[in-house]
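Heads up: the protein sequence lines correspond to chains A and B, in order. The first sequence begins at 1 in the numbering used here and counts up by one. The second sequence begins at 1001 in the numbering used here and counts up by one.
Note that these hints are calculated values from the structure, not bench results. Note that the coordinates shown come from a computational prediction; the quantities given were computed from them, not determined experimentally. There may be inaccurate statements among the hints.
Unchecked claim - In silico lysine to aspartate or glutamate, EDC-like type, Cα no more than 20 Å apart, as pairs:
1. A:70 - A:83
2. B:1234 - A:152
3. A:127 - A:83
4. B:1234 - A:113
5. B:1234 - A:88
6. B:1234 - A:174
7. A:18 - A:31
Take a look at the letters that make up each chain.
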Amino acid sequence: MSEAVLSVRNLRTYFMYKDAEVHAVDGVDLDVRAGEIVCLVGESGCGKSMTSLSIMRLVPQPAGRIVSGKILLDGVDLLRLSEDEMTDVRGNQISMIFQEPMTALNPVLTVGDQITEVLLRHRRMRKREAWQRAVEMLEFVGVARAAQIVHEYPHQLSGGMRQRVMIAMAMVCEPKLLIADEPTTALDVTIQAQVLDLMRKMRDDFGTALILITHDLGVVAEMADRVVVMYAGQVVESTDADTLFEEPSHPYTRGLLRSIPSLSDDTETLYSIPGTVPDAAAFPEGCRFADRCPLAQPECLATAPVLREVRPGHWVRCHFADKGSVSV
Amino acid sequence: MAGYVVRRLFGMIPMLFAITVFVFFMMHMAPGNAIEAMINPRIKDIAALKHQLEVQNGLNLPLPVQYWRWLVNVLHGNFGWSFGQHEPVIELLGPAMYNTLILAVLAEAFILLLGIPIGIWQARRPYSKLDYTVSTVSFVLFSVPFFVFAVFLIYFFAIRWPVFPAQNATGTGPLAGTLLDHVWHALLPAISIALTAHTVYSRYTRGAMLDVARQDYVRTARAKGIREPVIYRKHVFRNARIPLVTQLGFDLGGLLGGAVITEGLFSYQGMGYVTITAVSQRDYPVIMATTLIFAVCVLLGNLVADILNAVVDPRIRYQ
Ligand SMILES: Nc1ncnc2c1ncn2[C@@H]1O[C@H](COP(=O)(O)OP(=O)(O)OP(=O)(O)O)[C@@H](O)[C@H]1O
Ligand SMILES: [Mg+2]
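Only chain B is shown next, with the shape it has when bound in the complex (with noise of 0.2 Å):
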């Protein structure tokens, strides 16, 4: 297995590469630039300050050898200097990735423990009308677009009842900072993409429990003896778990990069928040750094959910 992990992570190094190629090339390629954005454009003398500033952060070099340069600093630890926060990137992105992680893990632990117990409960009674109205339910939370439960919350539980905060990823006083404090900022965005996001799984759940349910074995397991609830805690979930836990994979990958929109409604200083104030910025050294980042995250959530599938599924060994 540690073998394999690791000829996993050497086997991303070309996927890494092409995709930071890519976005760097059509980052340049976008009509603006950094210094454009940057300048006050009162200024008298634009054009040679413009291209005073190009020159002093070299980005009036080709491409290539721009990009070569950035390749060789990343290799060297230095993602530089962000042209619109004035600060090193690394200490831009660090506290941003703490709020996404912290964002990331509630939310998914909010979808699962949502979206699974649901879908067992109507594997359970399949085709009944309980089964039909909670999946009309869970189609209508899935259709509607989520930044609408962001401001539904929003309004409700920081506006009208201020029982959470409504902005940022910290608070101040006493507990500013800790874990609690960090928690309790991201309960009502994780909350705001749960409600959408669980009925992915419950409906998926449903689907690979009734899937299993058909199986021999489970005949086998009732020809034994063994009571209904067991047959379902045990030899069914057991079974449809192993789809499951790849997507959950995928989807810790996905939610790392960063929750664009719903960290933009909520003020919430995390991945995707920096990330599309950066393209808003042409702040090309952040672009790159949290596309590198993203990359990274969802290679790494793809090789956790083959990593898991062998876990739950001991036909699935890895050498």
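For reference, chain A alone in the conformation it holds in the complex (with noise of 0.2 Å):
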């Protein structure tokens, strides 16, 4: 396998208030490798967000902070860099695209001066260059009308075109890796499916690695080389796309799985893990996941597991997870 182009370490972004702080991303770690689609999976509020927002390094200020951890992009750490010198990565060597295709586009500049300005701040080019460079951009991802549609505003656009128009924004420099949090979310199901294989042919043709942030398994299953799921602030298992679904050991990852609505199931009702995440203000000593946890033991109450790697390439946060046959 190739470097990664990505590597998290020990990631923690707390929000710090008066009253409390917020834990929203406790310890990350994480690889992307060039070229690759980890998929980032959990229930809401586990800090996946917050963790491609530190990426970014554009957590919302002023409560929220990167109190420690490394962020090495191709070896450089991205914490080390000057403000200034993070603008030249972000939109250049890292996007990133937002869920709402509505609210993610300026709704009083054009399409194609939105598009032209990353490259015009990155790249050294001409403006009728940038411009020609938006248009060709445009029609690679799919916009019929490209040569129309840069002079048009984001209102005059369908949501599936608008997140098309993100999409070539944030590829329009090539960069290394693209974080898509919950892309197609907001999209109905036909234009899902078409912006997740224009996803897939960005990494093919670009060579690109990608960071997808989805609440669908459907799509893990589709999309993957590797999926990393987290909870509570945590990363607790991260395995290859086939590994996860045949053999998924973290008991939180069971639940997820088995939380899927399949069609040849009879029963009327859904399942879903009992209880709820806990605070992020007020996580527990142990293990996160221990009192919402079938397998749960005392020793899981009192300590809490480090992710280990249970075989080459699987890495889980449990203390059963190589203790023999559990299962749920």
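Take each chain as given, in its own frame, and dock them per the hints.
Here it is as structure tokens:
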């Protein structure tokens, strides 16, 4: 396997308030190799968005703060760059697209203005050249009438079109890494599939690695090379996609897989993991999943498990991950 | 757009009709009348003279008839004669409108040039000590009755150090009557208006900028590597100015009607000054003319607000 483009080590991002300290990201490790699609999954509030915003160093201000860790992009620690140096990285080496295509584009600037802006910022390019490149990029992401669309405003486009524009904008400098935070959640199903295809095409044609954040395990099955499962601000399981679906090792991952609606299933009600996610302002001492875990032992409440490599390339944060066949 | 503007202009007609009817009847309902204000109370046969003058000026006719006459005349471009100044209303109001236009444009320019940069500057460092300090100063400036500034400016810059004229809208000498002369006379009144009024814009700008700065598309711009100054100048301000231009249209309409107290303090012969004089003399033709002009200015201001809105916001299109 090739070297990791991105290595996140022990990342902690907290929100500091007078009366509380919210541990949104609490010791995350993450590796993404060149050209790889890594899916980041987990229940709402487990810290997926904050992990990705931390990688961009765009944590909401003023409360949010990256308190420790390393974010290595091709060996360079982004957390050691000045803010000015970091702006050279954003949109150029790492890009990000967001969930809401309706609000993520500036309503008073033309599509072309918003795309060329990236090129003019990061590349030595004349305006005309940049506009030409913007049109090509729009054509590449499958926008019909691209030469006209560059002069239009976001409100004149459909949701799917806007997300294509977002992708064109994010990819126009051919970054090493694209982070997509639930890019298809707001779109209807057929458009979803098209946008996912497009992102895979980006990976294939530009060799861009992709971190894809999603709630949808169907999307994971379709897209992922590797999957990283997060729970309560930490990674609880990380492995290749096949292993994840065939031999999930963390009880939380198994719970997630059981909660997929399946067509063959007759049962009316959907399985859901009992209990709720612990409060990020007061995580328990021991395993953070213990109070919802069907296998919890006294040990689990006392000591927090570490992320261990139970098989080559398969990391699990559970005391019992390799202790025989436990089943839920 | 042109069609829209024409429709809006036609739409003003009923409004103007209603406003003038209202003012006309209110004016005549107030005690006293123009004739009483005009004649010397020591004249012997007051009642006879009064009656004679009333008949001469058509003031003995029923009010609806009087209004109708006024309306027909106005539609022929005739605003009548001023009772108080003994000259055609048009000739009285022409220079006054010009003076007020200069004062309004100058004041609005100062208001914007002060208010918007201050608001942007505050929005770049919200909730900081500097931000709070500026907000507090703005609030104090806003709370001080604005004629205080006029008096203050007159004392320091016209009396103590007589740099600026303290009176009149034009001066004497070789430059008299030129645009420069007008602007020179409008400076102090304009500054005195702007010292208070700019705080409305700084507060408004600050709020609008902070609102926009929270939007998703600003985060998108940051994710593209755009530098902060550009983010604020381009991505934030171009959205934040949308509510500001609307306000600008409204304000211009109001300012063009004349700044009554300021013009009074500076003896600046603008619309406000003329209106006040006319009201004290019950100079009906002048009052009606200034009412009409004021109403037209406010309505046009609203229209300008809507047009400017469409200019800065591509989502708004008028057909
Ligand atoms: N501005 C904030 N202030 C305080 N806490 C925050 C803030 N933003 C997020 N959090 C907290 O940080 C934790 C992680 O949030 P995050 O948005 O990363 O979750 P997520 O996994 O992306 O969830 P979702 O699937 O709903 O998008 C949550 O507990 C959330 O409450
Ligand atoms: Mg999220």
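Cross-check of the supplied hints:
For the hint pairing residue 70 of chain A with residue 83 of chain A, the CA-to-CA distance comes to about 16 Å; that is within 20 Å, so the pair holds. Between residue 1234 of chain B and residue 152 of chain A, the direct Cα distance comes to roughly 17 Å. Compliance with the 20 Å bound is thereby established for this hinted pair. Under the criterion of a C-alpha separation no larger than 20 Å, the hint pairing residue 127 of chain A with residue 83 of chain A is inconsistent with the structure, at around 26 Å. Taking the CA atoms of residue 1234 of chain B and residue 113 of chain A, the gap is near 11 Å; set against the 20 Å cutoff, the hint holds.
The straight-line distance between the Cα atoms of residue 1234 of chain B and residue 88 of chain A is roughly 18 Å, inside the 20 Å bound, and the hint therefore holds. Our distance criterion of 20 Å between C-alpha atoms is broken by residue 1234 of chain B and residue 174 of chain A, whose separation comes to about 24 Å. For a cut-off of 20 Å, the pair hint linking residue 18 of chain A to residue 31 of chain A is broken: about 34 Å separates their Cα positions.
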